[in-house]
Amino acid sequence: MEFQFGTNWAGFSKYAGAIIGQTLAMEGMFAFFLESAFIGALIWGEKRLGPRNHFLAAVGVATGSWLSGFFILVTNAFMQHPTGYTVASNGTLALFDLRAYLLNPWVFAQFAHNQCAALVTGSFAIAAMGAFYTLRGIHPEQSRLYLNAGTLVGLLASVLVAFPTGDAQAKMVGNHQPATLAAMEGRFEGGRLAEVTMIGQPNVSEQRLENPIPLPGLLSFLAYGTFKSYVKGLNEFPKDTWPDNIELLYYSFHIMITLGMIFIGIMAWANWRRWRGRLESSTGLLWILMLAFPFPYIATSLGWMTTELGRQPWLVYGLFRTNKGYSQVVAAGDTIFTLIGFVGLYFVLGLLFLYLTAREIHHGPDAPASAPDRQEAPA
Amino acid sequence: MIALWYGILAFMLTTYIVLDGRNFGAGVLHWIVARNQAERRQVIAAIGPLWSWHEVWLVGTGGVMVMAFPRLMAASFSGCYLALFLILWCVLLRGISIEVGGHLGDRLWQEFWDAVFVFSNVLLAVLFGAALGNVARGVPLTADGTFYLPFFTNFGIHGNVGLLDWYTVPMALFCVLILTAHGATYLTMKTEGAVHERSLKLVRRLWLAVIPAFLFITLLTWAVRPELFQGILFRPFAWTTLVICVASGYAIATGIRNQREHLTLLGSTFLLFGLLMTGAAALFPVVLFSTTEPARRLTAADCAAPEASLVIGAAWWFPALILAFGYLYIIQRHYSGKVNVSKDNQGLY
Numbered sequence: 000m001e002f003q004f005g006t007n008w009a010g011f012s013k014y015a016g017a018i019i020g021q022t023l024a025m026e027g028m029f030a031f032f033l034e035s036a037f038i039g040a041l042i043w044g045e046k047r048l049g050p051r052n053h054f055l056a057a058v059g060v061a062t063g064s065w066l067s068g069f070f071i072l073v074t075n076a077f078m079q080h081p082t083g084y085t086v087a088s089n090g091t092l093a094l095f096d097l098r099a100y101l102l103n104p105w106v107f108a109q110f111a112h113n114q115c116a117a118l119v120t121g122s123f124a125i126a127a128m129g130a131f132y133t134l135r136g137i138h139p140e141q142s143r144l145y146l147n148a149g150t151l152v153g154l155l156a157s158v159l160v161a162f163p164t165g166d167a168q169a170k171m172v173g174n175h176q177p178a179t180l181a182a183m184e185g186r187f188e189g190g191r192l193a194e195v196t197m198i199g200q201p202n203v204s205e206q207r208l209e210n211p212i213p214l215p216g217l218l219s220f221l222a223y224g225t226f227k228s229y230v231k232g233l234n235e236f237p238k239d240t241w242p243d244n245i246e247l248l249y250y251s252f253h254i255m256i257t258l259g260m261i262f263i264g265i266m267a268w269a270n271w272r273r274w275r276g277r278l279e280s281s282t283g284l285l286w287i288l289m290l291a292f293p294f295p296y297i298a299t300s301l302g303w304m305t306t307e308l309g310r311q312p313w314l315v316y317g318l319f320r321t322n323k324g325y326s327q328v329v330a331a332g333d334t335i336f337t338l339i340g341f342v343g344l345y346f347v348l349g350l351l352f353l354y355l356t357a358r359e360i361h362h363g364p365d366a367p368a369s370a371p372d373r374q375e376a377p378a
Numbered sequence: 000m001i002a003l004w005y006g007i008l009a010f011m012l013t014t015y016i017v018l019d020g021r022n023f024g025a026g027v028l029h030w031i032v033a034r035n036q037a038e039r040r041q042v043i044a045a046i047g048p049l050w051s052w053h054e055v056w057l058v059g060t061g062g063v064m065v066m067a068f069p070r071l072m073a074a075s076f077s078g079c080y081l082a083l084f085l086i087l088w089c090v091l092l093r094g095i096s097i098e099v100g101g102h103l104g105d106r107l108w109q110e111f112w113d114a115v116f117v118f119s120n121v122l123l124a125v126l127f128g129a130a131l132g133n134v135a136r137g138v139p140l141t142a143d144g145t146f147y148l149p150f151f152t153n154f155g156i157h158g159n160v161g162l163l164d165w166y167t168v169p170m171a172l173f174c175v176l177i178l179t180a181h182g183a184t185y186l187t188m189k190t191e192g193a194v195h196e197r198s199l200k201l202v203r204r205l206w207l208a209v210i211p212a213f214l215f216i217t218l219l220t221w222a223v224r225p226e227l228f229q230g231i232l233f234r235p236f237a238w239t240t241l242v243i244c245v246a247s248g249y250a251i252a253t254g255i256r257n258q259r260e261h262l263t264l265l266g267s268t269f270l271l272f273g274l275l276m277t278g279a280a281a282l283f284p285v286v287l288f289s290t291t292e293p294a295r296r297l298t299a300a301d302c303a304a305p306e307a308s309l310v311i312g313a314a315w316w317f318p319a320l321i322l323a324f325g326y327l328y329i330i331q332r333h334y335s336g337k338v339n340v341s342k343d344n345q346g347l348y
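Chains as they are written, first to last, in numbering that gives the first Met the number 0: chain A, 0 to 378; chain B, 0 to 348.
Next up, chain A with everything else stripped away, as it sits in the complex (with noise of 0.2 Å):
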């Protein structure tokens, strides 16, 4: 990504590059460094280590990616709400108040949000093994240890993605960018006692949502704090600043929405069946978080999207249009093929993740397939 802000999008490093520059730096020399230091010796390393040495090489390397989360987060939250800037004399933008940048209102609510959902993630997966190897009746001992950690730390975590993280989100999407939040919800007439459609599908070029079941008032208190509250609809905006995709920004928003409700549920569900000690007998809970692995995945994605799209079409928020940053020099054809290639490549990588762990799933966790005491003698 480092590389793609000079190749793709080469305006936007002119224009912003002296300010968005010091947290990609700061995200190499702070956090890529310490993270590739002791990824190397948590790989290739246990042995000459020790256990002790070997798990601080596994915390190098989580700090260093929640370190790198964070800087990322700073920029991305700078896009979303540019503070401690000004504008140079050549149009470009300059870093005036570097805490003002690092202290962004905007990146600790969006920081929370999204290492809460990386919980979100790990904790599923961690309960989908425990519930298979369960399921088949296998290494009942590990799969306890998977089912309570993933169980407990998922009930946790996903209502913590949705409450405060995600709530103080929205806020800080109400707040700065109102055209963005009525776009997120379909919304084309402002009011009070706004509603949250749970249901329902944007036509846009009719302005209006067909077949919506509304819970009235509570986008006004979700977004405001009381349920009278006016919320602004698209129309009040003017037309050049409406997201560009409002039907996909609409469904990005609503299915990570109800997947978040779904995943607490399925997570209450299941801290109630252990709290009672009948977990692991519960077969249809435990086929269902042995197949939900996938969606905190995708959730996490549209949760993305949502943040992307709704940005659109700016790439600083009011102040760098999009169709202002890319290469001009790159032609279309390069884009698409260089695209395609990234396509190629990380569909084989995908491939060879799902292949090696598959193996290492079915090898189990008594002795790693791959140990080196398990390879082949030299020819």
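Any given hint could turn out to be false.
Said to hold, decoys possible - Label-pair restraints from in silico Cβ distances: (1) R106(B) - L55(A): 33 to 41 Å; (2) E292(B) - V86(A): 26 to 34 Å; (3) P104(A) - P149(B): 41 to 49 Å; (4) E292(B) - K323(A): 24 to 32 Å; (5) R234(B) - P104(A): 43 to 51 Å; (6) G49(A) - L241(B): 39 to 47 Å; (7) L322(B) - N174(A): 32 to 40 Å; (8) G49(A) - R106(B): 30 to 38 Å; (9) Q331(B) - P139(A): 37 to 45 Å.
Said to hold, decoys possible - Not close to chain A: a few residues of chain B, all C-beta gaps over 12 Å, as computed: (10) W30; (11) F236; (12) A304.
FYI, nobody ran anything at the bench for these hints, they're computed from the structure. Think of the CB as a built atom: it goes at the ideal place given N, C-alpha and C, for glycine as much as any other residue.
Please arrange chain B on chain A, whose structure you already have, making use of the hints.
Quick look at chain B alone, frame taken from chain A:
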């Protein structure tokens, strides 16, 4: 401040090429010095633990370039679009081949990933060499300070040039040669047995071959861009880096003669470092020469971020550098000496 950040950028890119260069070199030699699976695992284990730390120097260079010289990043990265994506894909494939190759004990699996490893490393050495040639020769800048570089046009060095021409191709080959020598030097220090013997033999031959190749490429550079040598003449910083080069050359020769492998590696590391820093000093203050019209060239000041950003950046960059080397120190303490395949092979992940 601009000169400081130019220096930091040059230092980071140089460090990247010096450090990852030995991995490229080891990759080029992978099939030559290691003839069976056990020997090949030894080569991979020699670079396994640190390659990703090395690669971060490249990523960090990218970050620092956006921050300090946004316009340079915008012009050069979009201008060399396809070449940069080739580099990215090779970097990705190289990383995958190192991490994934050891996961299965299967012979076909390992042979396949070894092939990916060799292919991506050779291409990376060539691409970075060609990139270096392009920096020295210049790019076809248009009036608005942007350019788009095709892979090749007429192989000439003036006007509408491409990535490859009669100057950059020899430069790329020279880089492959010197990085291979560097990689072989590293392997002699880290390996034992047959791999060590073969690498040792190659080290002597490769460094001997570097001498005429270096003279040749210097003459070519003189022909293409004589003003670089004036830059060296009038810039005391370049004299110190030249002294480093000479001392390093002497260290390599002594190291080879007396079979002191650490000294040879130290020499080859600082030789590359000195050469690249001399080049950077010779270029300054120009960051992009123009092959279309000399006056269109971009200087560091043309591309630099506003002063305030640079000052703030300098405040945190130096502590960050100390931390980065701190991690290296911790890791290196556990990894000094020869690799031992039974100890250093890939673990569970």
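Quick rundown of the hints versus the structure:
R106(B) and L55(A) have their C-beta atoms about 35 Å apart, which keeps the hinted 33 to 41 Å range intact. For E292(B) and V86(A), the Cβ-Cβ distance of about 31 Å falls inside the hinted range of 26 to 34 Å, so the restraint holds. The hinted range of 41 to 49 Å is satisfied by P104(A) and P149(B), whose Cβ atoms lie roughly 47 Å apart. Separated by about 27 Å at the C-beta atoms, E292(B) and K323(A) satisfy the suggested range of 24 to 32 Å.
Checking the proposed 43 to 51 Å range against R234(B) and P104(A) shows it holds: the Cβ atoms sit about 47 Å from each other. At about 46 Å, the CB distance of G49(A) to L241(B) agrees with the hint of 39 to 47 Å. Separation of L322(B) from N174(A) is about 37 Å and conforms to the stated range, judged on CB atoms against 32 to 40 Å. For G49(A) and R106(B), the hinted distance range of 30 to 38 Å is satisfied, since their beta carbons lie about 31 Å from each other.
Remark: the range hint 37 to 45 Å for Q331(B) to P139(A) is upheld by a beta-carbon distance near 43 Å. For W30(B), the requirement that its beta carbon stay farther than 12 Å from each beta carbon of chain A is met, with the minimum near 15 Å. A cut-off of 12 Å between C-beta atoms confirms that F236(B) is not in contact with chain A; the least separation is 23 Å. Not every CB of chain A lies more than 12 Å from the CB of A304(B), the least distance being 3 Å, so the non-interface label is violated.
In summary, the one numbered hint that this structure violates is 12.
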